[in-house]
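**Q** Chains U and R supply the protein sequences, listed in that same order.
Following my numbering, the numbering of the first sequence begins with 1 at its first residue and continues without gaps.
Following my numbering, the numbering of the second sequence begins with 1 at its first residue and continues without gaps.
There's no promise every hint is true.
What the hints assert, rightly or not - Think about it this way: if two alpha-carbon atoms lie no more than 27 Å apart in a straight line, the pair counts; the simulated DSS-like pairs of lysine-lysine are:
(1) U/Lys143 to R/Lys2
(2) U/Lys115 to U/Lys133
(3) U/Lys115 to R/Lys2
(4) R/Lys254 to U/Lys41
(5) U/Lys283 to U/Lys227
(6) U/Lys25 to R/Lys254
(7) R/Lys254 to U/Lys20
(8) U/Lys10 to R/Lys254
(9) U/Lys10 to U/Lys244
(10) U/Lys73 to R/Lys2
(11) U/Lys101 to R/Lys2
(12) R/Lys2 to U/Lys41
(13) U/Lys222 to U/Lys232
(14) U/Lys73 to R/Lys254
(15) U/Lys80 to R/Lys254
Hints listed in this document are in silico derivations from the structure and should not be mistaken for laboratory results.
This is what each chain is made of:
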Amino acid sequence: MDSDFAVYTKDLVKVYDGGKVAVDKLNLEIKYNEIYGLLGKNGAGKSTTIKILTTLMNPTSGEAQVLGMDVRKRANAIRKRIGVVQQDESFDFTTVENNLKVYSMLWEVDRETAKTRINEMMDLFDLEEVRKKRAFEISGGQKKRLQVAREFLHDMDLVFLDEPTVGMDPEMRRRVLDYITHRAHGGLTVLFTTQILEEADYICDRIGIMVNGNIRAEGTSKFLKEKFGKLKEIHVRLSGDSNKDEKQKVVDEISSIDGIEEARLEGDSVFVLGYEISKKIAKIAMVFERHDLGIESMESSEPSLDEVFLKVVNS
Amino acid sequence: MKTPSFIRLAIRNIVVNTDPGTIFFMLGLPAFYFLVLGTMFQSIIPGVTVNGSVVSYTKFLAPGIIGMQALTAGNIGGSMLWSDRRWHMFEQLMVGPFRRLDYLLGILVISTVFTFGGSAIMLLLAHFVSGAFILTAPSLAFTFMALILGSFLFTSVFLIIAILVRTLQTYNVLTILIYFFLDFASTAFYPITNATPVALRDISMVNPLSYITNIIRSSIDTGYVSSVLTESLILFVTTVVIMFISLRMYSRLKTVA
Numbered sequence: 001m002d003s004d005f006a007v008y009t010k011d012l013v014k015v016y017d018g019g020k021v022a023v024d025k026l027n028l029e030i031k032y033n034e035i036y037g038l039l040g041k042n043g044a045g046k047s048t049t050i051k052i053l054t055t056l057m058n059p060t061s062g063e064a065q066v067l068g069m070d071v072r073k074r075a076n077a078i079r080k081r082i083g084v085v086q087q088d089e090s091f092d093f094t095t096v097e098n099n100l101k102v103y104s105m106l107w108e109v110d111r112e113t114a115k116t117r118i119n120e121m122m123d124l125f126d127l128e129e130v131r132k133k134r135a136f137e138i139s140g141g142q143k144k145r146l147q148v149a150r151e152f153l154h155d156m157d158l159v160f161l162d163e164p165t166v167g168m169d170p171e172m173r174r175r176v177l178d179y180i181t182h183r184a185h186g187g188l189t190v191l192f193t194t195q196i197l198e199e200a201d202y203i204c205d206r207i208g209i210m211v212n213g214n215i216r217a218e219g220t221s222k223f224l225k226e227k228f229g230k231l232k233e234i235h236v237r238l239s240g241d242s243n244k245d246e247k248q249k250v251v252d253e254i255s256s257i258d259g260i261e262e263a264r265l266e267g268d269s270v271f272v273l274g275y276e277i278s279k280k281i282a283k284i285a286m287v288f289e290r291h292d293l294g295i296e297s298m299e300s301s302e303p304s305l306d307e308v309f310l311k312v313v314n315s
Numbered sequence: 001m002k003t004p005s006f007i008r009l010a011i012r013n014i015v016v017n018t019d020p021g022t023i024f025f026m027l028g029l030p031a032f033y034f035l036v037l038g039t040m041f042q043s044i045i046p047g048v049t050v051n052g053s054v055v056s057y058t059k060f061l062a063p064g065i066i067g068m069q070a071l072t073a074g075n076i077g078g079s080m081l082w083s084d085r086r087w088h089m090f091e092q093l094m095v096g097p098f099r100r101l102d103y104l105l106g107i108l109v110i111s112t113v114f115t116f117g118g119s120a121i122m123l124l125l126a127h128f129v130s131g132a133f134i135l136t137a138p139s140l141a142f143t144f145m146a147l148i149l150g151s152f153l154f155t156s157v158f159l160i161i162a163i164l165v166r167t168l169q170t171y172n173v174l175t176i177l178i179y180f181f182l183d184f185a186s187t188a189f190y191p192i193t194n195a196t197p198v199a200l201r202d203i204s205m206v207n208p209l210s211y212i213t214n215i216i217r218s219s220i221d222t223g224y225v226s227s228v229l230t231e232s233l234i235l236f237v238t239t240v241v242i243m244f245i246s247l248r249m250y251s252r253l254k255t256v257a
């Protein structure tokens, strides 16, 4: 038993009946109180991993422990201490309020606590106006909010959130993410999957990029950007009028510098894309000076997590 | 004191399923059969012979309507599993603090509660329309036994359908067909006599609802329970076999669709 980690897998494999390998020797170590983001395209194996860890599905081989307990041997004990927001919509055919009341009752939350928490959740997730409406009558975004709100009614040590913000508007998405962060600060461990990279960037302590059932890259958002984002772009804005031919000559000369992938001219701006570009800024500036072109400003941009993600996924 | 998991699931089933449609299906439809169909036929059927005694048609019909409650409750029980699978609540509950057996017990408990609740209401209704029934300890014991076995048996039948069928249309068509077929090809509405077509007589002979109805009818209409011992045994064995098949299929059912 490895109780240093809230989630621990070693060489975890899941092969479906048809022979499709959904999870392929996955090694995952998620610390307690950590918000861990699992990123990946559709079919990368994120949901299958969650289904194994939440004891819904048995792995084909390998080890999987949740809160220090083996998913095969102690499934019942694990389920009493976790919360799960599934990717698929799930709700009871009753009112929004009853959905929350019933769920609290199922999790044995005492009546007074349940009442307080339900009111808090109604307010936080903006469900007050649909309180008496039946769950199947509300919008997709509201259903998702209901699903998330429901899961935070009961006490737990670890929550699995499988794309919990799908269908939500940006404001609500931000509110949900802030609430998850708030709960994590209160001691909750979170395993979060998303395809929206800004979300992972915003709340996750660590991110794992999943490709073909395995973690291809892992670390903090900053680490991933540094590791995979060495390809940077600088934007040089030119001052005053200058000859277009002269500008093109500059672009051609910069393109020939070692490590520069691309240089292009757009109006009065020159964009330069290359590796370790900060070391080449002086060289680039000298080219402009040689051609007597004044520089108004020069900005270097960080790669977005999207760029990192695409690079890892496509590599 | 902690409420057992299956009781919490049963309470959830009541809250979720006590919508007007279900209540009408459970109580309105049989009450309609009894009050409208029963009283209409009574005007053209002077009396029906049960165990050598002649009883009014509504008195004859009442045990059939009571037995029907087990069929209706079983249908509702099966639809709970189907609906929970369709709307991913089965999956959601199975990642909660429950075992698979708790979920099944939750359905069986609620089917039994619905069976007895509905039967008590139908018996009360019949009491006002047809007069007093014979409610002795043996007649009540046999009626209880028939209703419990009936409830378990029909819940198992509809659980099997809920496990096998994926689409809403197929599920609806199949359950409606089975429901009305079992209802009308049984002794619930008509006595089986020599004049009954052979095919229908044979079907009603293998229909569990006939056995449930016959046991209740003999018990509360005539108080003559010794005649239903064989029928009770057949009902018991059938229930055990169908429950076994249903349990096997349920245990192999994949949680994730």
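**Q** If any of the earlier hints don't hold here, list their numbers in rising order.
**A** 1, 9, 12
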